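Input sequences plus hints: build the corresponding full structure.
Its first residue numbered 1, the sequence shown is counted upward by one per residue in my numbering.
Some clues are possibly wrong.
Each computed DSS-like pair below joins lysine-lysine, with the alpha-carbon atoms no more than 25 Å apart [to be verified]:
(1) Lys268 x Lys294
(2) Lys201 x Lys268
(3) Lys38 x Lys316
(4) Lys316 x Lys32
(5) Lys205 x Lys54
(6) Lys45 x Lys74
(7) Lys74 x Lys101
(8) Lys54 x Lys101
(9) Lys175 x Lys101
(10) Lys316 x Lys294
(11) Lys175 x Lys223
(12) Lys219 x Lys268
(13) Lys45 x Lys32
(14) Lys208 x Lys219
(15) Lys205 x Lys175
(16) Lys201 x Lys54
Each pair of labels, with its calculated beta carbon distance range [what the hints assert, rightly or not]:
(17) Gln264 x Glu288: 20 to 30 Å
(18) Tyr265 x Asp160: 49 to 59 Å
(19) Glu145 x Gln266: 30 to 40 Å
In case anyone wonders, no lab produced these hints; they're calculated from the structure.
From a predicted model like this one, the values you see are computed outputs, not experimental measurements.
Virtual Cβ for every residue (Gly too), placed ideally from N, Cα, C.
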Amino acid sequence: MLPRERVLRAIEFQTMDGVPYQVEFTTPAREKMADYLKDPDFEKKIGNHLCSIKPVPASMYREVSPGFFEDDWKVVWNRTLDPDIGNPIPIMNEPHIQSLKVPDPVDPRRFLGMREFLSRNRETFNLLRMSRTLFERAWSLRGMENILSDMVVNPGFVDDLLDLITDFSRQLMEKGLEMDFDGVLFGDDYGWQQGVLMGPKLWRKFIKPRMAQLFSFVKSRNKKNFLHCCGKIQEILPDLVEIGLDGFNPFQPEVMDIFQIKRQYQGKLSFWGGISIQRLLPFGTPQEVRKGVKRILQEIGRNGGYIASPSHALPKDIPVENILALIETLQQQP
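Okay, here's the thing in structure tokens:
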């Protein structure tokens, strides 16, 4: 069974010959593994089941000073400490959208290389990766404290800003989904370790109806919806199912009972993640990693609805031996 078929069967709760899996790395972890294995192409040999590509290529970022990169919205990201994402420097000092310059969602540079990417990865499940879909884009423009305060004191501004971002995302996807992607991976963190950042009431007011629009658009193209959203967000999982989510990532065992939630949503929602990067992988022994991963494969992977994966791209503090134990266990499924 090809990886793409295995993923499709998993998210549709069908019988498979093995649990699909995905192992991704932060830049420091990737460099550490490549150095240890003396193989810069080691990731190609893991057997990952999914591939994704962002419609914001590196050519649309401009390094304005060492370690500081300006994105297509003119937000500058400080990547001196975090080379993968960084910390944004907001550009909207006041709650007004009149002066905001929205980038072109169908700029041809966004789609260069996508057809070649899809041709090169015919056997995997391929996703259009929509990072900073809605809330993340809003707070990167306005600042986290400001946008959360605006939801209470400037709700009209928040509506206008989120509508603008939603329209941008829809236009971008309309162009991108003309190509043969299997689905869209939305990236929009609403949670932290203790719950939903803005609370479920404000999430349902500002975020839910707009994500419903985006999910509906993807469904109208017969594609699958995936959402990456860190944190303890169990209280809005029913809402996400209601508006058309197919797969939820990263499924963090540190903030939710992954075994209970899988049982609760069996047949309704698939999960992608679940292998702890805060406990098992950094602090377990290789033997404990193998045992823990096998349990997840057997109990959560049963009857479909699961893509095995760490609960985040692997950070550099995880021992190489544990990473190898993880990969070998996924590859050697019975």
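For each hint, the structure was consulted:
1. Lys268 x Lys294: holds (24 Å)
2. Lys201 x Lys268: holds (23 Å)
3. Lys38 x Lys316: This hinted pair holds, its Cα atoms lying about 17 Å apart.
4. Lys316 x Lys32: holds (7 Å)
5. Lys205 x Lys54: Given that 25 Å is the threshold and the Cα spacing comes to 28 Å, the pair is violated.
6. Lys45 x Lys74: violated (37 Å)
7. Lys74 x Lys101: holds (8 Å)
8. Lys54 x Lys101: holds (21 Å)
9. Lys175 x Lys101: Roughly 20 Å between the alpha carbons, so the hint for Lys175 and Lys101 holds.
10. Lys316 x Lys294: Distance of about 23 Å is within 25 Å: holds.
11. Lys175 x Lys223: Within the cut-off at roughly 14 Å; holds.
12. Lys219 x Lys268: Given pair Lys219, Lys268 holds - Cα atoms ~16 Å apart, limit 25 Å.
13. Lys45 x Lys32: holds (16 Å)
14. Lys208 x Lys219: holds (16 Å)
15. Lys205 x Lys175: Not OK: Lys205 and Lys175 at ~28 Å, beyond 25 Å, violated.
16. Lys201 x Lys54: violated (31 Å)
17. Gln264 x Glu288: 20 to 30 Å: holds (27 Å)
18. Tyr265 x Asp160: 49 to 59 Å: Violated: the Cβ-Cβ distance is about 34 Å, outside 49 to 59 Å.
19. Glu145 x Gln266: 30 to 40 Å: Holds, at about 39 Å.
In terms of the numbered hints stated before, the structure departs from hints 5, 6, 15, 16, 18, listed from lowest to highest.
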